[in-house]
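Protein chains: 2
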Amino acid sequence: MKDDNVLDIAKRRGFFWPSFEIYGSVGGFYTYGPLGALLKLRIEQMIRNHYVNNEGCLLIEAPLLSPEDPWVASGHVESFTDMTIECGKCGEPYRADHLLEEKTKKSTEGMSLTMIKGLIKKNDVRCPRCGGPLENVYDYNLMFKTFIGPGKNKIAADLRPETAQTTYMPFRRLFELGRKKLPLGVIQFGKSFRNEISPRQGLVRLREFSQAEAQFFLDPENKRKHSKFDLVKRKRLSVLTKHDQVRNKPGNALEASGLVRKKLTSEWIAYFLAVSVKLFEDMGIDGSRLRCRQHKDDERSFYSSDTWDVEYMSDSYGKIELVGIADRTDYDLKRHQEFSKQSMEVNIEGRRFVPHVVEIAYGIDRPVYSVIESCLRHDGDRTYFSFPPTVSPYQVAVFPLVKKDGLPKKAREIQKTLLDAGFYALYDEGFIGRLYYRQDEAGTPFCITYDYDSKKDNSVTIRKRDDQKQIRVRIKDIVNVIGDIISGRVKFEKAGKLLK
Amino acid sequence: MKDDNVLDIAKRRGFFWPSFEIYGSVGGFYTYGPLGALLKLRIEQMIRNHYVNNEGCLLIEAPLLSPEDPWVASGHVESFTDMTIECGKCGEPYRADHLLEEKTKKSTEGMSLTMIKGLIKKNDVRCPRCGGPLENVYDYNLMFKTFIGPGKNKIAADLRPETAQTTYMPFRRLFELGRKKLPLGVIQFGKSFRNEISPRQGLVRLREFSQAEAQFFLDPENKRKHSKFDLVKRKRLSVLTKHDQVRNKPGNALEASGLVRKKLTSEWIAYFLAVSVKLFEDMGIDGSRLRCRQHKDDERSFYSSDTWDVEYMSDSYGKIELVGIADRTDYDLKRHQEFSKQSMEVNIEGRRFVPHVVEIAYGIDRPVYSVIESCLRHDGDRTYFSFPPTVSPYQVAVFPLVKKDGLPKKAREIQKTLLDAGFYALYDEGFIGRLYYRQDEAGTPFCITYDYDSKKDNSVTIRKRDDQKQIRVRIKDIVNVIGDIISGRVKFEKAGKLLK
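First to last, the sequence lines map onto chains A and B.
Counting in my numbering, the first sequence runs without a single skipped number right up to 500 at its last residue.
Counting in my numbering, the second sequence runs without a single skipped number right up to 500 at its last residue.
No wet-lab data here; the hints were simulated from the structure.
Watch out, some of these pointers could steer you wrong.
Heads up, the list lumps identical chains together, so a pair's fine if it works in one copy or across two of them.
As a list, the in silico PhoX-like pairs of lysine-lysine whose alpha-carbon atoms are at most 20 Å apart [what the hints assert, rightly or not]:
1) K105 with K180
2) K410 with K249
3) K262 with K181
4) K145 with K191
5) K11 with K89
6) K181 with K403
7) K228 with K409
8) K228 with K181
9) K228 with K416
10) K152 with K89
11) K105 with K403
12) K242 with K263
13) K410 with K278
14) K410 with K228
Using the sequences plus the hints, can you model the full thing?
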């Protein structure tokens, strides 16, 4: 029962839990507790550091709420809908197409509302909850709607369903700030909202979720080559192309360069598939469960010329899309140009054109879940999370062996030294076995104990989470040693005097 | 015209700008551009580090959207309103009480809707925009309302107007995770929303804004003494008490300890006033413009027994409230207990009680604005932002003297070294004067230039933003030197060979 375990531990240890519990929780809303909020913060930090430092992206932050105009232009007001049907008796809403597919085991792809309504009647599909009759089929828009301002002049508004459009709107300003050069990369972190009909998949399908979406604006005549492709070309990826799926083939292991050489996708997309898989692995997600899957032609959004997902094969939820990488062409900027009457054209080397966009759209909650699931370890009667020190809520915990004789004060001083040096260091006190147990369940990679000998030999014991090995290290070296073992520059066993 | 300058530079250099510009901007929504988003991130990081590391707060993250229940319990559904009146001709909405006060120069405090309506008619107050008649006075709720889920069973929901209630709701879970001890500190960062009638004050009054709210749950019998008060007792504060205001006195400069000794407030509130003023000063906000002001009895929220604000005296906007520190008593937890029927009592040392709460509620956007305004410097024809290295978007920029002869490659290597060491380092290239100019306007405290001599002497020049002094430093020492001068451990002039 691995999956129960993950969710049980996550809840018990305060990684996350359903929101508004005291009033009865509502599907699709989760609250991150102390460990989860820190884990999420580290994961966002990793993605941000990579895109800002290594890819040169500009970071921006736009509002979540906006007037409808951009969502009319983007097509969300018209098309961001699910076919919905309700039970005439208990009122429970369902995805009409999904319900019909479950009953008939046949695809509803391309069917109109009317057809689906007819087939639901013909097949006598009934409410799965109470057996009542299903009625009132309609297209249900997944944006949360509200109004800005009071009275007659109030403005219809929506909570954004993605960050992307809020990055496209100020493109002209961003192009100026980026000194009128392409490619221009811009990344935005923040909440987005989808008013799902009936979400029941924990962090994997939320009505309010966190994203990190990078938009690269490109010259369409200079779109395929990526200047840093050589850095990732040897990265091995598990690949499932659209052709594989059509032909029912299992996919292949390929190097990133193979994806391009076989003309399966562009260097830009292959580059970011490799970068994303590497990032996910560095977070602690099991690389053998990651797959790069290309969208089929009939599945891809109409504005995209090529889309890939990196998927994680979860024990609890099946396939989870962690990031979507799409060539969105010039569709979005042209639509904003058309609807706002503001030019989105740039003039580069005497050519005027609307840039194309390659988007890398990360969910944050799903990677958080996947890291937690991937890192759960059972070792005899020990249970721990093997979070890498880059994402673990705490990198190091410091304990006094006992809560007396001045030991707590000394342990706190060591914690302070580590905090000042920039490490995520926690202080705790109590029975030592209990303290280790807690840090195992928090996934803290290293624990430091200040004991009675510490006063004499000016040294402390460091315990490694994964194999419980212990080394003795001089207190004056502690910052360097923790830096060395966290970064992996020095092997744990070599970083001090190995005990036992 | 200092204030125009701040807003002009902020917009031109991409700190922030009105959102949705291409569709016509809407009051109360701003987008942070590349420099602003980084500055905001650093400011949030400072507050988070302080409260998590030094105050031992648990960090959590709850949804922004929620069913109405908590907002009924908190009183927001009933009382979070402004009296609104609209123009019968152009439809423009106004605060009815403010409009009447402007016309009559008399306070409307305590007046009912009906009285205000009558006085508006009697005084012939008309629409300031078009001169039309004012009509339709009503209480307007400032929460953004929407619905969760489709159809008949949809749930009425609101965007949160503060983070506080979303921290109180899971109090029982947090108390367990904090091992059933008081005081318990919890902090939450994130967006909140207030559907203001007609906001026109830039970052200072937003409909969508960022907050950092810390809640300390306390034993009411052990509420006044703060264990770390000694650390701040000598901190000098500019203080305006409720008595000063009633008696029209100008206030005093006092040490934090004086606030307690004179029984003006509790140690808990005095402690966090001192901590907040220190944090704001460390961000670069002009300390001589900060004042601790106590709410008057008739101004304080009814649930609070004592409330203080730290205010910044802005050139552009007058008094800006940067943080509110309030003793919220047991009001909120008791209301949630009453409305949810879930006990909020704790059992400590045989006593059962509902904890009291001291809240420290930071805005984020207002400190961001105040830092920008406080740090703008004019020095002859130079203009720069004197951001401290703790909050500056970039701590150090690295340039090649020219864009040829292999200099760019070497400069990039230095940037990489600095990034790997954890500094916020930017690479740029172009004419050196132009590069300095750009970094002055970005507030980057140090610039490093790799020049033709660098190849021979393995050294680079570091230029200090504030006085343009330059030192020559060996490349192999660059990480240590940048660390020393950023932290202030070593004086700039002593950190290398002073040039000129």
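Structure-based check of all given hints:
no., hint, result
1, K105 with K180, "neither (53 Å within a copy, 52 Å between copies)"
2, K410 with K249, "neither (62 Å within a copy, 48 Å between copies)"
3, K262 with K181, "neither (30 Å within a copy, 62 Å between copies)"
4, K145 with K191, "both (16 Å within a copy, 18 Å between copies)"
5, K11 with K89, "neither (35 Å within a copy, 56 Å between copies)"
6, K181 with K403, "between (61 Å within a copy, 16 Å between copies)"
7, K228 with K409, "between (50 Å within a copy, 15 Å between copies)"
8, K228 with K181, "within (17 Å within a copy, 53 Å between copies)"
9, K228 with K416, "between (40 Å within a copy, 15 Å between copies)"
10, K152 with K89, "between (37 Å within a copy, 11 Å between copies)"
11, K105 with K403, "neither (64 Å within a copy, 64 Å between copies)"
12, K242 with K263, "within (12 Å within a copy, 74 Å between copies)"
13, K410 with K278, "neither (40 Å within a copy, 27 Å between copies)"
14, K410 with K228, "between (48 Å within a copy, 18 Å between copies)"
Taken one by one, the earlier hints fail for this structure at numbers 1, 2, 3, 5, 11, 13, listed in ascending order.
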